[in-house]
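Chemist: Here the protein sequences line up with chains A and B, keeping their order.
Residue 6 in my numbering sits at position 6 of the first sequence; the count goes up by one each step and never skips.
Residue 118 in my numbering sits at position 118 of the second sequence; the count goes up by one each step and never skips.
Hints listed in this document are in silico derivations from the structure and should not be mistaken for laboratory results.
Any given hint could be a false lead.
Restraint-style ranges between C-beta atoms, simulated for each label pair [stated by the list, open to error]:
1) A:188 - B:149: 25 to 31 Å
2) B:224 - A:248: 19 to 25 Å
3) A:133 - B:262: 25 to 31 Å
4) B:167 - A:164: 54 to 60 Å
5) B:275 - A:90: 48 to 54 Å
6) A:252 - B:3: 53 to 59 Å
7) A:184 - B:172: 52 to 58 Å
8) A:252 - B:290: 35 to 41 Å
9) A:225 - B:274: 29 to 35 Å
10) B:265 - A:137: 40 to 46 Å
11) A:234 - B:254: 41 to 47 Å
12) A:90 - B:290: 44 to 50 Å
Covered by chain A, according to a simulated footprint, are these stretches of chain B (three or more residues, beta-carbon under 8 Å) [claimed, not checked]:
13) 35–49
14) 118–129
15) 198–204
16) 221–231
Note that the structure is a prediction, hence the values are computed from the model and not measured.
Glycine included, C-beta positions come from ideal geometry on N, C-alpha and C.
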Amino acid sequence: MTGVDSIRARTRAIRGRIVRMAHAGRTPHVASALSCADVLAALYFGALRIDPSTPEDEERDRFILSKGHGCMALYATLAERGFFPEEVLEEYARDGGRLAEHPSPRCVPGLDAATGSLGHGLSLGAGLALAAKIQEQSFRVFVLLSDAECAEGSVWEAALFAGSRGLDNLVAIVDFNKWSAMGRTGSYLEPLADKWKAFGWSCTEIDGHDADALGATFARVPFEPSRPAVIIAHTIKGKGVSFMENNLEWHYRPPNDNDLKQALEEIEGRES
Amino acid sequence: MRNAFIRGLTALAERDRRVVLLTGDLGFKIFDDFAARFPRRFFNAGVAEANMMSVAGGLALGGLRPFAYSIVPFATLRCLEQIRNDICYQEAAATVVGVGGGYSYGPNGATHHALEDIAIMRCLPNMTVVCPGDPVEAELAALAAGTHAGPLYLRLGRAGDEVVHTSPPPFSIGRALVLSEGSDCALIATGGILPVAVAAAEQLAREGISCRLVSMHTVKPLDEVLLRRCAAEFGVLFTIEEHGLIGGFGSAVGEWLAASGVRCRLRSFGTRDGFAHLCGDQKYFRQLQGLTAEHIARQVLEALKDCA
Numbered sequence: 001m002t003g004v005d006s007i008r009a010r011t012r013a014i015r016g017r018i019v020r021m022a023h024a025g026r027t028p029h030v031a032s033a034l035s036c037a038d039v040l041a042a043l044y045f046g047a048l049r050i051d052p053s054t055p056e057d058e059e060r061d062r063f064i065l066s067k068g069h070g071c072m073a074l075y076a077t078l079a080e081r082g083f084f085p086e087e088v089l090e091e092y093a094r095d096g097g098r099l100a101e102h103p104s105p106r107c108v109p110g111l112d113a114a115t116g117s118l119g120h121g122l123s124l125g126a127g128l129a130l131a132a133k134i135q136e137q138s139f140r141v142f143v144l145l146s147d148a149e150c151a152e153g154s155v156w157e158a159a160l161f162a163g164s165r166g167l168d169n170l171v172a173i174v175d176f177n178k179w180s181a182m183g184r185t186g187s188y189l190e191p192l193a194d195k196w197k198a199f200g201w202s203c204t205e206i207d208g209h210d211a212d213a214l215g216a217t218f219a220r221v222p223f224e225p226s227r228p229a230v231i232i233a234h235t236i237k238g239k240g241v242s243f244m245e246n247n248l249e250w251h252y253r254p255p256n257d258n259d260l261k262q263a264l265e266e267i268e269g270r271e272s
Numbered sequence: 001m002r003n004a005f006i007r008g009l010t011a012l013a014e015r016d017r018r019v020v021l022l023t024g025d026l027g028f029k030i031f032d033d034f035a036a037r038f039p040r041r042f043f044n045a046g047v048a049e050a051n052m053m054s055v056a057g058g059l060a061l062g063g064l065r066p067f068a069y070s071i072v073p074f075a076t077l078r079c080l081e082q083i084r085n086d087i088c089y090q091e092a093a094a095t096v097v098g099v100g101g102g103y104s105y106g107p108n109g110a111t112h113h114a115l116e117d118i119a120i121m122r123c124l125p126n127m128t129v130v131c132p133g134d135p136v137e138a139e140l141a142a143l144a145a146g147t148h149a150g151p152l153y154l155r156l157g158r159a160g161d162e163v164v165h166t167s168p169p170p171f172s173i174g175r176a177l178v179l180s181e182g183s184d185c186a187l188i189a190t191g192g193i194l195p196v197a198v199a200a201a202e203q204l205a206r207e208g209i210s211c212r213l214v215s216m217h218t219v220k221p222l223d224e225v226l227l228r229r230c231a232a233e234f235g236v237l238f239t240i241e242e243h244g245l246i247g248g249f250g251s252a253v254g255e256w257l258a259a260s261g262v263r264c265r266l267r268s269f270g271t272r273d274g275f276a277h278l279c280g281d282q283k284y285f286r287q288l289q290g291l292t293a294e295h296i297a298r299q300v301l302e303a304l305k306d307c308a
């Protein structure tokens, strides 16, 4: 397998884990996690300068999942990348388990910041990026936001702060699947790229499920010197499971036994 | 207190390169010296307190020791969830600095009054709440905040606060300062109202009542050892704060008392539930709320008669 093929295989494994976790934990947000699986695989098996054997390394790149409800994707990716044994995923949404439906701080190795309330992650990431600048460290900070999250005013406070300070070690990725919890986002978000540009960011738009495009885009951040970068990743909510794609039911519904079987057939049976 | 705070913070920044100061576009001129000395560690984060508090959380996660400064309501209420999630939940060693405790910004109207912040900050898990009683304590509190391991809320007065301590007291977070030992009752104050408590104790002395005067600058955690000692010795505690009676310092002492099993009466002086709709300065509002030496002394005398 080439690098990108290997990442695609990893992404299939991550998607398989996501639907298994949602099924076992009987939790919502499976479609939100599927939406960002390719982005996370591209980060953790490509872009991020990290080493699972030294998860506290001060020079490691940081990742913040601002859309905390998508955390099944992050837990699955961290396990796939070797930050902790796969069995830990069985603790998801279990009484007394470490993996909550929104991540708590340092709940497992590799997980830096707690999230769950939307509109916090970009500011936290800007603080971390500023800390790197002040201390002349070389690490970078990647923050994944949901598109609906961009309705939070604090996202734009953070955008203004990072843009005006030229935090070129900060990278935001918007998981633009065009859905909020109650309907479509497009009508109030567009033109999204223009908004980021107006706040001083370098912006690019890509297919958020295209491993080649993701890898190539992450490889060229920052896009411009002295500007933070934002990647608007066009995605499909529920990507990879046909009956979950663009179906808002799966923002809420846990997969039952039959749903799981069908979903796994699609994810694991599909060769690409 | 704000000048004393910035003096303390400057001294701290001098010896600790991790100290970073953020302001929400407030503090005209008072930070000039700090900014000139530490240009890479001073940021005007703009009128965007929510972002500022999360940035402070991020700076702390990155190994720095941020102080985020604004007027109390903007530093606490506007950005409450950011403080809760991005500072307290993450166990970030960040200090939220609120200037203008109580009615310090009296003439600015109720939007600027700070009468709920102690209640709200102290119910946040991991948060330590410190309300210096005078400029001397404020300077020492800034220094102490620099070595504090977790989230901290520092509630300051404003400018021109009366100095109570004639020499630097042994300031330590969580350890109240006993200004005079006394033998009849305990007046326990927190925050900028301390000089009023001092004056009340002086009036009571003229009435033959000897007060133990305490500056309990740390509201969370309370100095339970001292509270227990006062309760056992006097059987009645008087708390004084320039803050609402719901959930504030007096409430905290009451909660402790109820759980402690200690038999002791409690009388709390603070502000009544309600917004100010008329204008006035700090002195005017203190008078209106009975937060004067005369009123407190009279009430203490009556309470002591009831106890006898």
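Chemist: Three or more residues of the region 118–129 of chain B near chain A by CB distance under 8 Å?
Modeler: violated (count 0)
Chemist: Evaluate the given range 25 to 31 Å for the C-beta pair formed by residue 188 of chain A and residue 149 of chain B.
Modeler: Check failed, 43 Å falls outside 25 to 31 Å.
Chemist: Between residue 133 of chain A and residue 262 of chain B, does the beta-carbon spacing fit 25 to 31 Å?
Modeler: 52 Å, violated
Chemist: Return holds or violated for the Cβ distance of residue 167 of chain B and residue 164 of chain A against the range 54 to 60 Å.
Modeler: For residue 164 of chain A against residue 167 of chain B, whose Cβ atoms are near 45 Å apart, the range 54 to 60 Å is violated.
Chemist: Checking C-beta pairs, does the region 221–231 of chain B have three or more residues closer than 8 Å to chain A?
Modeler: violated (count 0)
Chemist: Take the region 198–204 of chain B, compare each residue's beta carbon with every beta carbon of chain A, and decide whether three or more fall closer than 8 Å.
Modeler: Coverage by chain A is violated for the region 198–204 of chain B (0 residues, Cβ < 8 Å).
Chemist: When you take the CB atoms of residue 234 of chain A and residue 254 of chain B, is the distance between them in 41 to 47 Å?
Modeler: 57 Å, violated
Chemist: Take a look at whether the Cβ-Cβ distance between residue 252 of chain A and residue 3 of chain B falls inside 53 to 59 Å.
Modeler: This hint holds: roughly 54 Å between Cβ atoms.
Chemist: Could one say that the CB atoms of residue 265 of chain B and residue 137 of chain A fall in the range 40 to 46 Å?
Modeler: 56 Å, violated
Chemist: A range of 52 to 58 Å was offered for this pair. Does it hold for the Cβ distance of residue 184 of chain A and residue 172 of chain B?
Modeler: 57 Å, holds
Chemist: For the hint 48 to 54 Å, verify it against the beta carbon of residue 275 of chain B and that of residue 90 of chain A.
Modeler: Given range 48 to 54 Å: holds, Cβ gap about 52 Å.
Chemist: Could you check the hint for me, namely that residue 225 of chain A and residue 274 of chain B are 29 to 35 Å apart, CB to CB?
Modeler: 55 Å, violated
In terms of the numbered hints stated before, the structure departs from hints 1, 2, 3, 4, 8, 9, 10, 11, 12, 14, 15, 16, listed from lowest to highest.
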